[in-house]
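> In case you want the letters, here they are:
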Amino acid sequence: MSEHIPNGGLRLALRSLSKRFGQREVLRNNHLVIEPGEFVAIVGRSGCGKSTLLRLVASLEKPSAGELLVDGQPVQQLRDDTRIMFQDARLLPWKRVLDNVALGLPPERRGDAQRVLQQVGLGDRLSDWPAKLSGGQRQRVSLARALVHQPRLLLLDEPLGALDALTRIEMHALIESLWQRHGFTALLVTHDVQEAVALADRVILIEDGAIALDERIALPRPRARGDAAFAAVEKRILDRVLQQPDRAPPSTDPPWPTPAAHALRWAV
Amino acid sequence: MSGGLGSLAVAPSTPSASTPANTPTEAAAGRPSSWLRSAGRTAARRALPWLLPVFLLGAWQLSAALGWLSSRVLPAPWDVLAAAWTLAASGELWTHVKVSAGRALLGLAIGGGLGLLLGLLTGSVRFFETLLDSTIQMVRNIPALAMIPLVILWFGIDEAAKLFLISVAVFFPIYLNTYHGIRNVDPGLIEMGRTYGLSRWGLYTQVILPGALSSILVGLRFSLGLMWVILIVAETISAQAGIGYLTMNAREFLQTDIVLVGILLYAALGKLADVLARGLERGWLRWHPGYQKEVA
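Protein chains in written order, with this note's numbering: chain A, 2 to 269; chain B, 356 to 651.
Just so you know, these hints were derived from the structure itself, not from any lab.
Since the structure is predicted, the reported quantities are computational estimates derived from the model, not experimental observations.
Yeah, the Cβ is synthetic: ideal placement off N, Cα and C, and Gly gets one too.
Treat the hints with care, since some could be wrong.
[What the hints assert, rightly or not] Beta-carbon label-pair distances, calculated as ranges:
id	chain 1	residue 1	chain 2	residue 2	range
1	B	R495	A	V34	54 to 62 angstroms
2	A	D129	B	F482	36 to 44 angstroms
3	B	H535	A	S128	26 to 34 angstroms
4	A	G184	B	H535	44 to 52 angstroms
5	A	R182	B	L461	44 to 52 angstroms
6	A	S128	B	L412	47 to 55 angstroms
[Stated by the list, open to error] To give a feel for the contact side, a few chain A residues facing chain B, derived at Cβ under 7 angstroms:
id	residue
7	P75
8	D81
9	I85
10	R91
11	L104
12	W130
13	L134
14	G137
15	W180
16	G184
[As the list claims (entries may be wrong)] List of simulated lysine to aspartate or glutamate pairs, DMTMM-like, C-alpha gap at most 20 angstroms:
id	chain 1	residue 1	chain 2	residue 2
17	A	K96	B	E514
18	A	K236	A	E208
19	A	K96	B	D541
20	A	K133	A	D165
21	B	K453	B	D541
22	A	K96	A	D82
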């Protein structure tokens, strides 16, 4: 592992990025620059387009207009230095923990997989089946699987949404420490404003497919949740999120649009 | 039959009837007695399911011995056992079992292999699905046994006819379950595999095939069941060797004991195949929570 010589994060730029599914415009003309090594959180109501933005950055969807630049170069396809942590851990149930983390690695790098699993505190569960792990442990395996590739951009798609509050706080500390250690650029999509404030350098609010707020969080790390300054920032952002009354009734969360999911069956 | 009911009611009490032999020690210490009694109770519970089969066998043997049951209808169980022993000792039994099992397995290999291959193809490549699937679904509705007259015209009554019938019958369960297994692999896992840099081949061998495996094995177990049924029918129509030949030949000479040996052989082979298929499931689906309890 090159944790001593981190590759460093990459610089991400969105230029008038738009996405529509059929008639519905999910993202409208978004501009955003994320500096190398920055931790950016995207918050917003369900169905606001934040997950779609993440999928565009991951090249799992193609933008309808505008472009996506990494280090100044337009992105066309899946990048080897970008990894995603999904909301459901998406571990392969038929592979043991170590083999899940070593997925897509050359065999000589299995040692790396073992080391990263130790970093996430699962060094003793290498040969367990995923079915035997708790939800939090599964997400830690999924985090290890992403980190073993030494990504320069880590995309986190509500990875902690299904976890209980205590496990979530533990995972925040773990993600923060690994981010500081590896130096990748991180883009976190979440509906939890407290999570965003706890982790991010910048919090971005998306409303109706457009960036409505871009706020730098100047709190020193590690951030204490009980802190008055923390609470003030959290309240301000939460108030801003709640300000706009929901115009359309919230549709049942369409971040994974069905046509794309169907197309994936034909991946081979 | 009333005598049978009487022995049924009496039998469960037998284990507890044997306990009084230990009364001296029981009286000395209170605990062993309760332990013994519960052990006796578990033994009774274990024995209970065997009671009826043992009773039926006994009744059968008795009525054959007393001449109530003609050996042309059913030979005594003891005679069946003796016939099986003679056949096994002469080696005749094994040659016939080998021929029958060979036929069944070759048919399974041909039909099942083709089913697996086409299922993988139509499940994975849209072009082949459009090209083949509706045709296969139409042909599927023809029962294999309905084709017997045609098959005899095509292949005569030789080996080829039997192999063809078995292959056709086992093809469809394996094809259908492979196809559905592949289609039902979680698209989220496939997407994950792609973003984690798996090649197409890697995606296929590490995500899609293992994901479809449990469904493919269900198809295999269905096929095994069909395989024996078709084999029996095909061998009964005509054969120069095999269990079917053994039984049909014995029928000519009214050797009902050998006919029964043949029937029991089919049953044993069917059971063996099912046990092997279960073993495969337990080995290949170790990761599956549904199979972990049996292993642990």
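> If you draw a straight line from the CA of B:K453 to the CA of B:D541, is it 20 angstroms or shorter?
Violated, because 42 angstroms separates the two Cα atoms, which is more than 20 angstroms.
> Within 20 angstroms, alpha carbon to alpha carbon, are A:K236 and A:E208?
18 angstroms, holds
> Checking one constraint from the list: CA of A:K96 to CA of B:D541, max 20 angstroms. Satisfied?
15 angstroms, holds
> Could you check if A:W180 really has its C-beta closer than 7 angstroms to a C-beta on chain B?
Result: violated, 19 angstroms to nearest chain B Cβ.
> Would you settle whether the hint for A:W130 is holds or violated, based on the nearest Cβ-Cβ distance to chain B being less than 7 angstroms?
5 angstroms, holds
> Does the interface hint hold: is A:L104 within less than 7 angstroms of chain B, judged Cβ to Cβ?
With a minimum Cβ separation of about 6 angstroms from chain B (threshold 7 angstroms), the hint on A:L104 holds.
> Are A:P75 and chain B close enough, Cβ to Cβ, to be under 7 angstroms, as the hint says?
19 angstroms, violated
> May I ask you to test the hint 54 to 62 angstroms on the CB atoms belonging to B:R495 and A:V34?
Holds - the Cβ-Cβ distance for B:R495 and A:V34, about 58 angstroms, lies within 54 to 62 angstroms.
> Just to be sure I understand the hint, the distance between the Cβ atoms of A:G184 and B:H535 should be within 44 to 52 angstroms; is that true here?
46 angstroms, holds
> Does A:L134 pass the interface hint, meaning its C-beta sits closer than 7 angstroms to a C-beta of chain B?
Result: violated, 12 angstroms to nearest chain B Cβ.
> Could you check if A:R91 really has its C-beta closer than 7 angstroms to a C-beta on chain B?
At about 4 angstroms, which falls below the 7 angstroms cut-off, the nearest Cβ of chain B leaves the hint on A:R91 intact, so it holds.
> Straight-line Cα separation of A:K96 and A:D82 no greater than 20 angstroms?
Between A:K96 and A:D82 the Cα gap is close to 24 angstroms, so the pair fails against 20 angstroms, i.e. violated.
Checked against the numbered hints given earlier, this structure breaks hints 5, 7, 13, 14, 15, 16, 17, 21 and 22; the rest are met.
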